[in-house]
Amino acid sequence: MAYYRRVGEVPRTRHTRLRNPAGGLYYEELMGEEGFSSDSSLLYHRGVPSAIVDARVWELPDQARTPNAPLRPRHLRLHGLFDAEWKNADVVTGRRLVLGNDDVRISYVAAGASSELYRNGVGDECVYVEAGRGTVQTVFGVLEVGQGDYVVLPRATTHRWVPEGDEPLRAYVIEANGHIAPPRRYLSRYGQFLEHAPYCERDLRGPTEPLLVEGSDVGVLTKHRGPGPGGLVGTRHTFARHPFDVVGWDGCLYPFVFNVADFQPITGRVHQPPPVHQVFEGTNFVVCNFVPRKVDYHPESIPVPYYHSNVDSDEVMFYCGGDYEARKGSGIGPGSVSLHPGGHAHGPQPQAYEASVGVQFFDELAVMVDTFRPLELGEGGLAAEEPGYAWSWAGRGPER
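Mapping of the sequence shown onto UniProt numbering: residues 1 to 400, in sequence order.
None of these hints come from the bench; they were simulated from the model. This list has only true hints and no planted wrong ones.
Here are the computed distance ranges between Cβ atoms for each label pair:
hint: 1; residue 1: V276; residue 2: G333; range: 22 to 28 Å
hint: 2; residue 1: R225; residue 2: T16; range: 31 to 37 Å
hint: 3; residue 1: N88; residue 2: A383; range: 17 to 23 Å
Since we're looking at a predicted model, the values are computed, not measured. Ideal Cβ placement from N, Cα and C applies to all residues, glycine included.
Throw the hints in and build the complete structure from the sequences for me.
Okay, here's the thing in structure tokens:
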């Protein structure tokens with residue numbers, strides 16, 4: 001992010017002394033991306049941020065992946081993955097892998113319990129809050145989150161999720177193997193949001209004050225690269241002092257929240273292609289959202305999408321709310337995920353095509369991830385599959 005923030009106490013000049021009330025030094029940490037040649041922030045700790053006293057294996061949730069073979073579209077019902085057990089699940093260890101490849105992993109969780117401290121050392125996380133509310137406590141400060149929020153957490157940000165209320169916090173988790181950022185075409189060469197962008201700096205919510213927590217021998221779950229399934233392993237580090245001991249920080253690298261209701265949809269006289277819905281991008285994938293909006297105003301327009309073959313991408317749509325016009329008759333509803341693999345023509349259900357003519361407004365909400373390498377199914381995806389979706393356009397399946 002080129003949007004600079006300053007929170008708490010920092011010295012006038014970077015890499016210079018900042019003393020505590022007792023006269024000792026605070027410990028400066030530079031947290032930076034791409035070999036310190038990209039965005040970074042400076043954090044000032046009460047204790048030494050690298051002081052660990054123990055390291056043990058942490059068994060990650062199931063990361064195994066199964067190829068989409070034979071190749072076919074899929075319909076996954078995510079709400080069925082969690083019943084009453086959501087009260088004891090947390091957003092970190094309770095997430096179930098739905099889809100993934102070597103660039104991105106998509107998981108889902110319904111949680112009622114607070115997570116342990118956690119840091120993803122593999123890549124950034126973009127978490128869409130489908131329902132519920134809570135806080136994300138981070139080394140940078142606290143983020144209040146609720147329905148419709150995207151929470152973007154830079155790689156290696158120590159944080160924990162704390163659900164609030166009597167309903168589960170339902171989270172759709174997009175984990176990158178690199179970084180997640182606004183699309184480059186929305187930004188000036190210096191990083192400011194341009195006038196044609198569907199959101200801007202004013203819409204981003206970041207921490208506003210330090211979160212100071214005392215403690216010793218504090219455990220932190222760390223996900224990192226290794227020889228495990230998907231190239232991932234976990235370690236539980238024990239830190240001599242609580243990581244949330246930052247008295248101040250400044251820079252352009254920090255967690256932030258963006259609510260989908262602040263996305264200004266781009267529409268046209270005829271149906272616009274999916275890139276107009278893009279909200280974030282990562283290495284070999286993009287994130288889009290489809291929000292309530294007025295639709296095409298050409299007198300002969302067909303508002304639902306034309307049939308299309310995205311030959312370079314797998315398309316994953318998570319249906320979050322409203323009444324998705326193109327999918328009427330398919331069985332898809334809130335909590336559903338559709339997977340349309342690259343090169344496979346897909347589009348509206350046949351009855352929805354004609355029915356959309358003359359419609360002027362779509363009341364729909366969905367999060368889409370397009371990946372440029374094929375996706376495989378995780379254990380959550382396999383458990384949530386609704387059979388028969390692949391034959392829904394034809395109205396009949398294979399004869400056995």
